[in-house]
Amino acid sequence: MMEEFFLRALIAGIGVAAVAAPLGCFVVWRRMAYFGATLAHGALLGVALGLLLGIDPVFGIAASSIVIALIVTGLQRQRALGGDTLLGILAHAGLALGLVALAFLPSVRFDLMATLFGDVLAVTWSDIFWIYLGGSAVLAVLALIWNALLAVTLNEDLARAEGVPAAPVQFAFMLILAVVIAIAMKVVGVLLIVSLLIIPAAAARPYARTPERMAILAAAAGALAVIGGLFASLQWDTPAGPSIVAAATAIFAVSFTLGTLGKRIS
Amino acid sequence: MPAVPGTPVMSPEARAPGLLIEIEDLAVKFGTATALSHVGLKLSGGEIVSLIGPNGAGKTTLVRVAAGLIAPTAGTLWRRPGLRLGYVPQRLKIDRVLPLSVRRFLALAGKASRAEAETALGEVEAAGLMEHSIHDLSGGEFQRVMLARAMLRKPDLLLLDEPLQGVDLGGQVSLYDLIGRLRDRHGLGVLLVSHDLHIVMAATDRVVCLNHHVCCSGAPEAIRHHPEYVALFGPEAARRLAVYAHDHDHDHDLAGNPVPPEPRP
Numbered sequence: 018m019m020e021e022f023f024l025r026a027l028i029a030g031i032g033v034a035a036v037a038a039p040l041g042c043f044v045v046w047r048r049m050a051y052f053g054a055t056l057a058h059g060a061l062l063g064v065a066l067g068l069l070l071g072i073d074p075v076f077g078i079a080a081s082s083i084v085i086a087l088i089v090t091g092l093q094r095q096r097a098l099g100g101d102t103l104l105g106i107l108a109h110a111g112l113a114l115g116l117v118a119l120a121f122l123p124s125v126r127f128d129l130m131a132t133l134f135g136d137v138l139a140v141t142w143s144d145i146f147w148i149y150l151g152g153s154a155v156l157a158v159l160a161l162i163w164n165a166l167l168a169v170t171l172n173e174d175l176a177r178a179e180g181v182p183a184a185p186v187q188f189a190f191m192l193i194l195a196v197v198i199a200i201a202m203k204v205v206g207v208l209l210i211v212s213l214l215i216i217p218a219a220a221a222r223p224y225a226r227t228p229e230r231m232a233i234l235a236a237a238a239g240a241l242a243v244i245g246g247l248f249a250s251l252q253w254d255t256p257a258g259p260s261i262v263a264a265a266t267a268i269f270a271v272s273f274t275l276g277t278l279g280k281r282i283s
Numbered sequence: 705m706p707a708v709p710g711t712p713v714m715s716p717e718a719r720a721p722g723l724l725i726e727i728e729d730l731a732v733k734f735g736t737a738t739a740l741s742h743v744g745l746k747l748s749g750g751e752i753v754s755l756i757g758p759n760g761a762g763k764t765t766l767v768r769v770a771a772g773l774i775a776p777t778a779g780t781l782w783r784r785p786g787l788r789l790g791y792v793p794q795r796l797k798i799d800r801v802l803p804l805s806v807r808r809f810l811a812l813a814g815k816a817s818r819a820e821a822e823t824a825l826g827e828v829e830a831a832g833l834m835e836h837s838i839h840d841l842s843g844g845e846f847q848r849v850m851l852a853r854a855m856l857r858k859p860d861l862l863l864l865d866e867p868l869q870g871v872d873l874g875g876q877v878s879l880y881d882l883i884g885r886l887r888d889r890h891g892l893g894v895l896l897v898s899h900d901l902h903i904v905m906a907a908t909d910r911v912v913c914l915n916h917h918v919c920c921s922g923a924p925e926a927i928r929h930h931p932e933y934v935a936l937f938g939p940e941a942a943r944r945l946a947v948y949a950h951d952h953d954h955d956h957d958l959a960g961n962p963v964p965p966e967p968r969p
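In the order they appear, the protein sequences are chains A and B. Per this note's numbering, the first sequence starts with residue 18, numbered consecutively. Per this note's numbering, the second sequence starts with residue 705, numbered consecutively.
What the hints contain is simulated information worked out from the structure, not anything from laboratory work. Think of the CB as a built atom: it goes at the ideal place given N, C-alpha and C, for glycine as much as any other residue. Where hints are given, some of them may not hold.
Stated by the list, open to error - Pairs of lysine to aspartate or glutamate, EDC-like flavour, derived with a Cα cap of 20 Å: (1) B:K815 / B:D799; (2) B:K858 / B:E827; (3) B:K858 / B:D729; (4) B:K746 / B:D872; (5) B:K815 / A:D174; (6) B:K746 / B:D860; (7) B:K797 / A:D174; (8) B:K815 / B:E835; (9) B:K746 / B:D729; (10) B:K858 / A:D174; (11) B:K815 / B:D860; (12) B:K858 / B:E829; (13) B:K733 / A:D174; (14) B:K858 / B:D799; (15) B:K858 / B:D888; (16) B:K815 / A:E229; (17) B:K858 / B:D900; (18) B:K733 / B:E751; (19) B:K815 / A:E173; (20) B:K797 / B:D872; (21) B:K797 / A:E173.
Unchecked claim - Partner residues are not named here, just some residues of chain A that face chain B (Cβ under 8 Å, in silico): (22) R126; (23) A168; (24) D174; (25) L175; (26) E179; (27) R222; (28) T227; (29) T274.
Chain B with its partners taken away, still in its complex shape:
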């Protein structure tokens, strides 16, 4: 059955049972500029896919297509019927002139009850922040609150556009760990735009390297030897694709103090 561009197609029979989203031969044009062409992407429940690529490569555009915010110019986007999305957009800046507590911010996610908001904030290990002003949060705390708001939607798929921006290095590690645990606990699919060309999270199942088209994709270790990756970023970058395969003997709490590690499965 030929699919209408931009319309989720309702023919799940042919697809793998766990599949959440399937993008085929996607193109997006803004005026005459081509942001994306011939892009394909599949993502299943429990799978973490990291998007990397240079600035302006179309990573955010791809996430926005997946979120249903822009209609593709060509190609198809299939989302599992009833798919619930949790979305964390890039660079959300809240003007100080708007007074807002974390509780009020979470309440804007929809019809979530107080208890649900508390559960969501607890899940991102930021339960103490409920009554704080959103303006007084650190970068890491703010991204956790964003994640909590996404989790309030009870999502099947998390779309995270540079969730580590504005987060210090120690916080980045624990935030990646947290995303991995949310995936494990809820069987979520995660599509994550990496803020850094060379670093993807260790739990990533697949890295997709994007530069208007999919240059290459594969497991984190495989991709850095891929000729297209090397051609795009140079051999130096290929050596620097440091996977977060950290094995530290402690974690950090939100204030940055060392704490004993959490037991990992």
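Here chain A stands alone, though its shape is the one from the complex:
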């Protein structure tokens, strides 16, 4: 008989993976992996802000993500620094400032390791409720903007000339990305969130002929990684979040190898 905490972890993890993977497809298509990492690292600052202001960390994370997204968008036009340098500065500044801010809160009981690497075995039914509520909202928005976002991803000029409201669509995407980071933090932590976004998407690519199929396959790969990682963690007593990411990487390695070999043969 499965322990209840383990069942909760499975339900929470699968929910997060199923939402993160389709979004991760766009992260991969739009070459935004480092942007995702920057949002995730900055989320630690959001957690600290949430604790300082006495509000739910989820709202702190949403706020920090929106600020980072606005800074990145605003600084994209400058030419003095490359985009990767800028994202690197923001990511690590967010992480460092978050850690510094937490040091000012000695009275607050706070599990830093859980924030950095997740603590999926400790999720409550209330956490699960929020994961599924937030996740449904994210998927609903994604379905709504899917075609427009795809058009903008292919070519922004062409999409705009065809009447797609590119800026609002891109902003909506950044918002739902922030929500996914907020709900995924509990499962894999801020340092590993991006892996749940991009690894399942990358694993799905060789077997997908349409964008939609890639999103569905990625969600399946993500859910499989959660199941595999959690059982492995139970079996060998390894940390749950990193085990999920390790399982995702194994799935990717198999998929990539078979996919490349398959292409060479056919």
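Position chain B against the provided structure of chain A, taking the given hints into account.
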């Protein structure tokens, strides 16, 4: 009536009936850099205008202004009310990580039905490509698919930014022929950026030579004797303005094989 910069003005009475777009005294600045100044351009239905000019001359900027993608810093842009645009941007590269068939790519153009997509692909003589992956197309096939997507908008005006890039020489000729036929069949206006300084399509009604301002414009044969054209590109270039006045006895299909010529009007 003074027009607000960048806003299409709604006073068609004074304009020629077939006029699609009119740009007057246009300037575009990016920060302190002036991309375009004092540029004027008129284009009517059924007319093909080729833009030539050196790299960085502002050709793409002018097309993007016409497409409504950048607002002019000064000057006016008038578009016929209800004007429908078909746009083919420059250097569209689709990352292989995004799986996409031609059908799905065309479906992104808007609310086009399956049948409309098939008609559009047939019009650019690429009907067989519908289920192909967009990544496996040749340069010429890809530009035809881009044209099909533009045609799906049922355009009055085609804005083509270097539609021949990545297309081999034989394919270039047939692509120019195709653009000419689309113009004839639908009475389209075409504004086309030429990828080559010296070659414009034979069916061009007017060549506009751009170098931040309009250096000169005129019929393809007239322009190569224009002193400003000669000054800009040198007498050697003036001799090399080879107009595509080809008169070949065969065409090429998409695979490059010779085929009998299509009857031309």
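(request) Take a quick look at whether K733 of chain B and E751 of chain B sit within 20 Å of each other, Cα to Cα. (result) Violated, because 28 Å separates the two Cα atoms, which is more than 20 Å.
(request) Quickly compare the C-alpha distance for K858 of chain B and D900 of chain B to 20 Å and report which way the hint goes. (result) 28 Å, violated
(request) Go through the hint on L175 of chain A and say holds or violated, using the shortest Cβ distance to chain B against 8 Å. (result) 5 Å, holds
(request) Verify the proposed pairing of K858 of chain B with D888 of chain B, using a straight-line Cα cut of 20 Å. (result) Answer holds: K858 of chain B to D888 of chain B is near 14 Å, not above 20 Å.
(message) Between the alpha carbons of K815 of chain B and D860 of chain B, is the straight-line distance 20 Å or under?
(response) OK: K815 of chain B and D860 of chain B at ~18 Å, within 20 Å.
(message) Check the hint pairing K746 of chain B with D860 of chain B against an upper bound of 20 Å on the C-alpha distance.
(response) OK: K746 of chain B and D860 of chain B at ~14 Å, within 20 Å.
(message) For a C-alpha distance cap of 20 Å, please report whether K858 of chain B and E827 of chain B respect it.
(response) This hinted pair holds, its Cα atoms lying about 12 Å apart.
(request) Decide if the proposed pair is consistent with the structure: K815 of chain B and D174 of chain A, CA atoms, cutoff 20 Å inclusive. (result) Measuring from Cα to Cα gives roughly 18 Å; hence the hint holds.
(request) Please work out if K858 of chain B and D799 of chain B have their alpha carbons no farther apart than 20 Å. (result) 28 Å, violated
(request) With a cut-off of 20 Å on the C-alpha distance, tell me whether K815 of chain B and E229 of chain A pass. (result) 18 Å, holds
(message) Does A168 of chain A hold up as a contact with chain B if the rule is Cβ-Cβ below 8 Å?
(response) Constraint on A168 of chain A satisfied, holds at 5 Å.
(request) Would you check whether E179 of chain A satisfies its interface hint, that is, whether its CB is within less than 8 Å of any CB in chain B? (result) It holds, given that the least Cβ distance between E179 of chain A and chain B is near 6 Å, below 8 Å.
Consistency with the previously given hints fails for numbers 1, 3, 4, 14, 17, 18, 22 and 29, ordered from lowest to highest.
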